[in-house]
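Engineer: Sequence:
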Amino acid sequence: MRAKVAEQIGREPKGLMAISVATPEGIPLVVQMRSLVDDVPFPTLYWLTSKVLCKAIGTIETQGWVKEIETRLQDDEVLRNAYLENQRSYVARRWELMLPEDKARIEALGFTEMFERYGIGGISQWDKVRCLHMQYAHHLAEGNVIGALMDDEFGLNLQDCSA
1 MRAKVAEQIG REPKGLMAIS VATPEGIPLV VQMRSLVDDV PFPTLYWLTS KVLCKAIGTI
61 ETQGWVKEIE TRLQDDEVLR NAYLENQRSY VARRWELMLP EDKARIEALG FTEMFERYGI
121 GGISQWDKVR CLHMQYAHHL AEGNVIGALM DDEFGLNLQD CSA
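Here the numbering used here is used: the first residue of the sequence shown is 1, the next is one more, and so on.
One or more hints might be untrue.
Only pairs whose alpha carbons sit at most 27 Å apart, straight line, appear in this in silico DSS-like list of lysine-lysine [as the list claims (entries may be wrong)]:
{"id": "1", "residue 1": "K4", "residue 2": "K67"}
{"id": "2", "residue 1": "K4", "residue 2": "K55"}
{"id": "3", "residue 1": "K51", "residue 2": "K67"}
Pairwise CB distance ranges (calculated) [what the hints assert, rightly or not]:
{"id": "4", "residue 1": "A3", "residue 2": "T112", "range": "32 to 38 Å"}
{"id": "5", "residue 1": "E61", "residue 2": "T23", "range": "33 to 39 Å"}
{"id": "6", "residue 1": "L158", "residue 2": "S124", "range": "27 to 33 Å"}
{"id": "7", "residue 1": "E101", "residue 2": "R2", "range": "18 to 24 Å"}
{"id": "8", "residue 1": "G26", "residue 2": "G64", "range": "21 to 27 Å"}
{"id": "9", "residue 1": "R11", "residue 2": "E153", "range": "27 to 33 Å"}
{"id": "10", "residue 1": "Q63", "residue 2": "T112", "range": "34 to 40 Å"}
No lab work stands behind these hints: they were computed from the structure. These numbers come from a predicted model, not from an experiment. Heads up, the beta-carbon is just placed ideally off N, CA and C, and yes, glycines get one too.
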């Protein structure tokens with residue numbers, strides 16, 4: 001597992017806990033990360049590792065879609081409320097999956113408030129998107145309204161995720 005993820009991301013993964021989503025062939029798409037690495041907070045629970053998806057999503061970002069979706073979040077109350085619920089569930093899930101020793105250390109180091117305040121990928125402004133990669137990683141792992149919109153609008157194809 002570690003070797004394949006290292007190959008995908010180009011370095012040895014630190015804080016890797018598990019593969020959350022993989023192709024039927026066992027190729028990792030999303031990994032679950034520890035919340036504390038070397039006593040440094042890491043609020044990103046899910047990390048997208050697929051080179052194919054990372055490249056496709058990078059292209060979507062360069063086309064200005066982050067700004068477009070943030071405008072939609074401001075204008076569409078239903079979308080905004082669904083996204084805020086995604087943020088809340090991400091925070092709860094991160095606490096739920098956190099190792100007991102990490103939770104104790106986070107509390108001892110005074111990071112509890114940060115982990116309650118930071119949502120998807122460590123974002124503090126819950127009405128912002130910031131990075132589509134972390135949104136899509138969350139979508140694949142648990143479901144996310146932004147990721148679902150990306151599927152609908154860009155037809156990301158998991159069948160092509162061989163790397």
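Engineer: Evaluate each hint against the coordinates.
Structural biologist: Cross-check of the supplied hints:
1. For the suggested pair K4 and K67, the alpha carbons sit about 33 Å apart, so the restraint of at most 27 Å is broken.
2. Between K4 and K55 the CA atoms are separated by roughly 17 Å; this keeps the pair inside 27 Å, and the hint holds.
3. Proximity of K51 to K67 is assessed by CA-CA distance (about 23 Å); at most 27 Å being required, the pair is judged to hold.
4. For A3 paired with T112, a C-beta distance near 34 Å keeps the hint of 32 to 38 Å intact.
5. Look at E61 against T23: about 23 Å separates their beta carbons, and that is not inside 33 to 39 Å.
6. Checking the proposed 27 to 33 Å range against L158 and S124 shows it holds: the Cβ atoms sit about 30 Å from each other.
7. For the hinted restraint 18 to 24 Å between E101 and R2, the CB-CB distance of approximately 20 Å keeps it satisfied.
8. A beta carbon spacing of about 35 Å between G26 and G64 contradicts the range 21 to 27 Å that was offered as a hint.
9. Between R11 and E153 the C-beta distance comes to about 31 Å, which sits within the given range of 27 to 33 Å.
10. Between Q63 and T112, the C-beta spacing of about 38 Å keeps the proposed range 34 to 40 Å intact.
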